[in-house]
Amino acid sequence: MDMEMEGEKIFEVDLGNLMASDSHHAFPSQQQSRVELVNECLQKGTELVQAIADSLFTLPSTEDIDGPLVKLPPPTTKLPREKHLPRPKPPTKWEAFAQKKGIKNRKKDKVVFDEQSGTWKRRHGYDRANDEEAIPIIEAKPTDDPDEDPFAKRRENKKGRVDKQEKNRLQNLKNAAKFGALPSHVQLAATSLPITGTQAAPKKATKDELGNVAGIAATATASGGKFDKKLPGEKPAQHKGKYRKFLPVAEGTGIGSMEREQTEKILNKIMSKNNHDILNVNKAVTVHNVKKEKNRKSDKSKASSSNKLKPQKKSFKKKGHAKKGNPKAQ
Amino acid sequence: MLEIKTAKTRRVRRELEKRAPKIIESGKKTLLLHGTKSSAVLNAVLTQIYHLKKQSAVKYSRKNDNINPFEAGGETSLEFFSLKTDCSLFLYGSHSKKRPNNLVIGRTYDHHVYDLVEVGIENFKAMESFIYDKKLAPKEGTKPFMAFIGEGFETMIQLKHLKEVLIDLFRGEVVENLNLAGVDRAYICTALSPTKVFFTHCALRLKKSGTVVPRMELVEVGPSMDMVIRRTRPPNESVRKEAMRTSRDKPKKKEKNVKKDPIEGKIGNVYIPDQKIGEMALPNKSKGVKRERREAKRKSGSDEHASKKKKEDS
Numbered sequence: 001m002d003m004e005m006e007g008e009k010i011f012e013v014d015l016g017n018l019m020a021s022d023s024h025h026a027f028p029s030q031q032q033s034r035v036e037l038v039n040e041c042l043q044k045g046t047e048l049v050q051a052i053a054d055s056l057f058t059l060p061s062t063e064d065i066d067g068p069l070v071k072l073p074p075p076t077t078k079l080p081r082e083k084h085l086p087r088p089k090p091p092t093k094w095e096a097f098a099q100k101k102g103i104k105n106r107k108k109d110k111v112v113f114d115e116q117s118g119t120w121k122r123r124h125g126y127d128r129a130n131d132e133e134a135i136p137i138i139e140a141k142p143t144d145d146p147d148e149d150p151f152a153k154r155r156e157n158k159k160g161r162v163d164k165q166e167k168n169r170l171q172n173l174k175n176a177a178k179f180g181a182l183p184s185h186v187q188l189a190a191t192s193l194p195i196t197g198t199q200a201a202p203k204k205a206t207k208d209e210l211g212n213v214a215g216i217a218a219t220a221t222a223s224g225g226k227f228d229k230k231l232p233g234e235k236p237a238q239h240k241g242k243y244r245k246f247l248p249v250a251e252g253t254g255i256g257s258m259e260r261e262q263t264e265k266i267l268n269k270i271m272s273k274n275n276h277d278i279l280n281v282n283k284a285v286t287v288h289n290v291k292k293e294k295n296r297k298s299d300k301s302k303a304s305s306s307n308k309l310k311p312q313k314k315s316f317k318k319k320g321h322a323k324k325g326n327p328k329a330q
Numbered sequence: 001m002l003e004i005k006t007a008k009t010r011r012v013r014r015e016l017e018k019r020a021p022k023i024i025e026s027g028k029k030t031l032l033l034h035g036t037k038s039s040a041v042l043n044a045v046l047t048q049i050y051h052l053k054k055q056s057a058v059k060y061s062r063k064n065d066n067i068n069p070f071e072a073g074g075e076t077s078l079e080f081f082s083l084k085t086d087c088s089l090f091l092y093g094s095h096s097k098k099r100p101n102n103l104v105i106g107r108t109y110d111h112h113v114y115d116l117v118e119v120g121i122e123n124f125k126a127m128e129s130f131i132y133d134k135k136l137a138p139k140e141g142t143k144p145f146m147a148f149i150g151e152g153f154e155t156m157i158q159l160k161h162l163k164e165v166l167i168d169l170f171r172g173e174v175v176e177n178l179n180l181a182g183v184d185r186a187y188i189c190t191a192l193s194p195t196k197v198f199f200t201h202c203a204l205r206l207k208k209s210g211t212v213v214p215r216m217e218l219v220e221v222g223p224s225m226d227m228v229i230r231r232t233r234p235p236n237e238s239v240r241k242e243a244m245r246t247s248r249d250k251p252k253k254k255e256k257n258v259k260k261d262p263i264e265g266k267i268g269n270v271y272i273p274d275q276k277i278g279e280m281a282l283p284n285k286s287k288g289v290k291r292e293r294r295e296a297k298r299k300s301g302s303d304e305h306a307s308k309k310k311k312e313d314s
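Chain order of the listed sequences is L and V. Going by the UniProt record's numbering, the first sequence opens with residue 1, and the numbers climb by one from there. Going by the UniProt record's numbering, the second sequence opens with residue 1, and the numbers climb by one from there.
These aren't lab readings, by the way, just hints derived from the structure by calculation. Treat the hints with care, as some may be off.
Okay, derived cross-link-like pairs now, DSSO-like style, lysine-lysine, Cα gap no bigger than 30 Å in a straight line [claimed, not checked]:
1. L/83 <-> L/174
2. L/164 <-> L/101
3. V/5 <-> L/229
4. L/71 <-> V/37
5. V/37 <-> L/207
6. L/229 <-> V/37
7. L/164 <-> V/8
8. V/22 <-> V/254
9. V/254 <-> L/104
10. V/254 <-> L/204
11. V/54 <-> L/78
12. V/63 <-> L/83
13. L/207 <-> V/253
14. L/71 <-> L/89
15. V/260 <-> L/78
16. L/107 <-> L/71
17. V/241 <-> V/84
18. V/160 <-> L/207
19. V/5 <-> L/167
20. L/141 <-> L/174
21. V/8 <-> L/93
22. L/107 <-> V/253
23. L/44 <-> V/98
24. L/78 <-> L/108
25. L/167 <-> V/18
26. L/242 <-> L/273
27. L/78 <-> V/241
28. L/178 <-> V/22
29. V/5 <-> L/93
30. V/37 <-> V/143
31. V/29 <-> L/78
32. L/167 <-> L/108
33. V/22 <-> L/71
34. L/178 <-> L/159
35. L/44 <-> V/160
36. L/174 <-> L/158
37. V/54 <-> L/178
38. L/174 <-> V/253
39. L/178 <-> L/153
Computed from a predicted model, the values in this text were never measured in an experiment.
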């Protein structure tokens with residue numbers, strides 16, 4: 001930026017934008033009235049505008065019918081672009097091949113000699129020279145298949161060549177789209193596949209469907225969309241879901257013992273689920289009965305020791321009952 | 001499946017080519033629109049800014065209900081409008097109890113929101129309320145002068161941001177050649193406080209001063225208003241870097257053997273390669289040489305001639 005000196009004042013002038021700024025002026029008071037404020041602003045503005053004019057009107061000018069023309073320098077204040085820079089178009093498959101083989105384009109004549117009519121005709125378009133379609137009689141060869149229509153075959157071949165070219169064109173455009181270098185008038189639009197066997201035209205994908213597909217597609221790569229091309233300003237997708245964790249196998253304290261606990265927990269769970277297979281019922285019953293008897297014996301001894309004053313009747317009964325039960329259990 | 005869609009008519013094709021990214025961009029278009037609720041002040045602000053920028057602006061007059069530039073997801077339809085109208089600057093007006101007379105000035109890059117500044121409009125004075133000599137009224141589409149007064153524009157981040165946006169909004173096309181007769185307007189922006197900017201539009205009166213440079217006089221023609229900064233969203237750093245990129249203009253290859261003279265104009269030197277006169281073949285040989293050759297032929301190849309004659313006879 002140019003520094004414009006006016007007495008003790010310094011203005012910054014950007015002539016490309018016809019802009020000047022005074023960064024050393026501060027408005028001291030807020031109390032002054034609106035009219036005064038506006039007047040002060042205008043006065044200050046006049047000084048700045050004069051500063052721009054000083055440098056503008058001293059530029060070398062050329063006379064024109066409408067007035068003097070001056071050449072402005074490029075603006076010094078940098079502002080962002082509206083759209084990205086145009087990207088270079090990648091070479092088509094043919095261009096890449098021709099480059100490799102050193103094939104150079106040659107200009108072809110517009111008119112060529114037509115052998116059939118013996119005249120000079122245009123190379124392309126209506127009534128062109130050496131037009132395959134225009135040959136009315138195809139001579140049969142002994143090797144030809146009699147069931148085959150040579151005219152239909154010729155049409156088929158032509159269609160095949162056109163289709164192939166169209167396919168190649170799409171491929172090249174797709175490649176260009178990958179680099180963001182499609183020609184401005186071309187768009188590649190997604191169409192859904194028609195169901196085989198139906199005559200219905202392919203349905204256009206709705207906005208919601210596209211949104212759903214885009215959401216799925218964004219995370220459908222092996223990396224969960226990590227390496228996909230991002231839109232400007234788009235943030236990377238956050239990882240959703242858990243990571244697998246493994247505990248150390250070596251025995252120890254703290255985390256070292258966790259692995260053992262974990263396996264034991266799982267083992268217990270399995271054992272408790274299938275314990276009817278492991279349990280020896282007979283043995284279990286005996287163990288249970290022995291325990292029961294032991295309890296009863298201890299009960300009896302307690303009762304005899306503590307409740308001496310109580311009648312013996314009850315204890316007798318209990319004893320008898322126990323005696324009865326014991327042989328049964330054994 | 002992909003389908004190739006191309007423009008059906010030349011007109012559409014031309015229009016699409018106009019919208020394609022260019023190395024040197026001509027100028028940004030502005031979209032003016034408002035939300036569900038708007039106020040009289042805001043309507044006036046939008047129309048008058050539209051009048052100021054008439055050649056490169058699009059104004060929407062209907063309500064737009066799902067635009068919230070500062071909220072995630074609220075910029076979708078805004079970005080769509082920007083794509084549709086090919087505008088990369090937008091002014092969105094909304095009026096609510098919380099934020100009365102709210103104007104969001106924003107820019108887009110590649111039709112995605114680039115940055116935003118939200119200002120409240122106060123003390124608005126419309127164009128119609130200014131009385132001045134109508135001969136001075138600025139012509140449509142002239143390149144304006146811009147003046148920024150106040151240290152806030154350099155020190156405060158928000159004001160600095162607003163300054164940049166205002167330059168982008170009002171500077172018009174970047175031109176190489178300027179007609180000095182067409183200089184007739186100026187925008188004056190003054191930082192009154194860290195959040196308040198006084199903005200006004202003035203006509204220029206050029207007065208004779210005795211020198212080449214005329215004496216400038218400002219006549220306020222409006223609109224004028226106070227902008228109170230509310231919320232801002234600075235650009236994303238990576239996007240900013242990308243947006244600031246310019247093509248490095250390659251220096252022109254020097255043209256050989258061409259000089260420019262102020263008096264005689266373009267002068268070219270033409271070099272003629274060595275003519276090699278010694279080796280040149282003469283157009284017709286002298287008769288003497290010819291006879292010599294004939295005699296030499298007669299001596300050596302008389303038999304050949306005879307055989308030829310025989311052939312002709314048979």
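Practice item. Find the hints from earlier in the document that the structure breaks and name them by number, from lowest to highest. Key: Result: hints 4, 6, 10, 13, 14, 15, 16, 18, 20, 23, 24, 30, 37, 38 and 39 break, sorted rising.
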